[in-house]
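There are 2 protein chains.
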Amino acid sequence: MKTIAVTDPDDPRIEHFRDVQERDIVGRGGFIAEGKVVIDHLLASPRFAATSLLVARSRIAGVQERFAEFPQLGQQIPVYVAEQAVMDRIAGFAIHRGVLAHGQRLSEQAPLELGDGPILVAAGISNHDNMGSLFRNAAAFGVSAVLLDDTSCDPLYRKALRVSVGTVLSVPFFRAGNVRDIFDILSNAGFQCVALSPGGTVHLDEWQPADRVAVFFGSEGQGLPQYLLQSIDTLTIAMAPGLDSLNVSAAASITLHHIYTSKRP
Amino acid sequence: MKTIAVTDPDDPRIEHFRDVQERDIVGRGGFIAEGKVVIDHLLASPRFAATSLLVARSRIAGVQERFAEFPQLGQQIPVYVAEQAVMDRIAGFAIHRGVLAHGQRLSEQAPLELGDGPILVAAGISNHDNMGSLFRNAAAFGVSAVLLDDTSCDPLYRKALRVSVGTVLSVPFFRAGNVRDIFDILSNAGFQCVALSPGGTVHLDEWQPADRVAVFFGSEGQGLPQYLLQSIDTLTIAMAPGLDSLNVSAAASITLHHIYTSKRP
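Here the protein sequences come in this chain order: A and B.
The opening residue of the first sequence carries number 1 in the UniProt record's numbering; numbering runs sequentially from there.
The opening residue of the second sequence carries number 1 in the UniProt record's numbering; numbering runs sequentially from there.
Honestly, the hints are just simulated from the structure, not real lab data.
Treat the hints loosely; a few may be bogus.
Stated by the list, open to error - In silico BS3-like pairs for lysine-lysine, Cα to Cα no more than 27 Å straight-line: (1) B:K159 with A:K159; (2) A:K36 with A:K2; (3) B:K159 with B:K36; (4) B:K36 with B:K2; (5) A:K263 with B:K263; (6) A:K159 with A:K36.
None of the values given here were measured: they were computed from a predicted structure.
Just chain A, same shape as in the assembly (with noise of 0.2 Å):
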């Protein structure tokens, strides 16, 4: 392992680690993933690769076990070593994992490959934590590709990618267009295409997923496009009186899970 000693936090070759809580707001090249589950599967995926890692001392032994496995991205990858207290001042905040890598996607113009579905379709998804527990359920759940709309958040942001366990990077992702495109490209594909919709007209526990199949998810406030919930069948989750819908994951993990089990042999 490439192993460079870092003591000043000012060193402008550890330049993509600083401060990484305001660059998740102003945008920048490449992502920054945190863990050592994260970062197994940067190292693993095919359409991402790691540049560079930042690694407190205390840590460098895990590291290395990770390396173990990929032992030309160990020859490869410069991993920058500090203290702790060097680190957290290079990244503006307390890196309790004290495990950070930078990454970059392979190629920006990947063909979309839908695979074989499941397709889960996020739209209108622009809260981080859900994003990134969407993508842990897809993996879970054996989704071939996520189809993002243009109004949803990035899945590559440090918290999206955090509460996915590293799963953004498994799971392939496009961004597709708008809702009607999404839904234009599913069907000339021969998706099924369903909506999940507290207002939907099939109870999901009744409904039997073909096995091409595609399922829309809209965000809490705004839900899906109205046209789109008229042209296609739209699910419910039956739950009790009083409350008027499930979190957008929750949602997801029930009706992924349906989906599964019915395919189920």
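Chain A is already provided as a structure; the job is to place chain B on it using the hints.
The following block gives chain B in isolation, referenced to the frame of chain A:
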């Protein structure tokens, strides 16, 4: 509605709302509820009472609407009104929702009431997001009580309350000792006890819950104690290969939905 204008951020009458974030950490009497939906639950709760509100001037109309359903409370509860800038200085951060309430438990020694179930048991849940989500799921699927072991975090913490969309104030919850104490209470009361566990032996979708059922959820790190897993049925949720576990609130969504739909006529 009893409104009182506040112009001085150091006004001693709004002491409850001072440095709200700090207080989350250092402990305080009562709790802080944020946003209109959470405050609705507080006003309607038989177990909690609002002691005062702090409202941005631009949000008075919305709060007045809320009180319309509770005219007596409108006479009793002082509503402090401030300009947004003064409010932000009092609270110590930007209060986007513009409405805060200070609340208190009506009785510190409420006797345990289990209802007819399902019961959700939270063991070692230390993350406030997860705690809030557990309550939202509990409310959605008609849980009659949440039992917390003594290592779980406080559901009345501001963030847990917010994530729960106020359901922490509507679903009864009780601290009931350690996991063994809780298991004893529930089995003595005739509840079927089951636990969710990644290594569980019964597939959730093949499991038929009893009429009175209690489900134990542990933390993602530690999980549930071995003695419990050896004494009761353990359920597992089928997942795609590659991920070892779901987030605890995702597991709860799926499990509680399964119980709810199994009991639906």
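Hints and how they fare:
Distance check on the hinted pair: K159 of chain B and K159 of chain A sit about 16 Å apart at the alpha-carbon level, within 27 Å; holds. The suggested pairing of K36 of chain A with K2 of chain A holds, with an alpha-carbon distance near 17 Å, which does not exceed 27 Å. With a C-alpha separation of about 15 Å, the suggested pair K159 of chain B and K36 of chain B falls inside the 27 Å cut-off, and the hint holds. Distance hint between K36 of chain B and K2 of chain B is fulfilled; the C-alpha atoms sit about 17 Å from each other, no more than 27 Å.
Simply put, K263 of chain A and K263 of chain B have alpha-carbon atoms about 23 Å apart, close enough for the 27 Å limit, and the pair holds. About 15 Å separates the Cα atoms of K159 of chain A and K36 of chain A, which keeps this hinted pair within 27 Å; it holds.
In terms of the numbered hints stated before, the structure departs from none.
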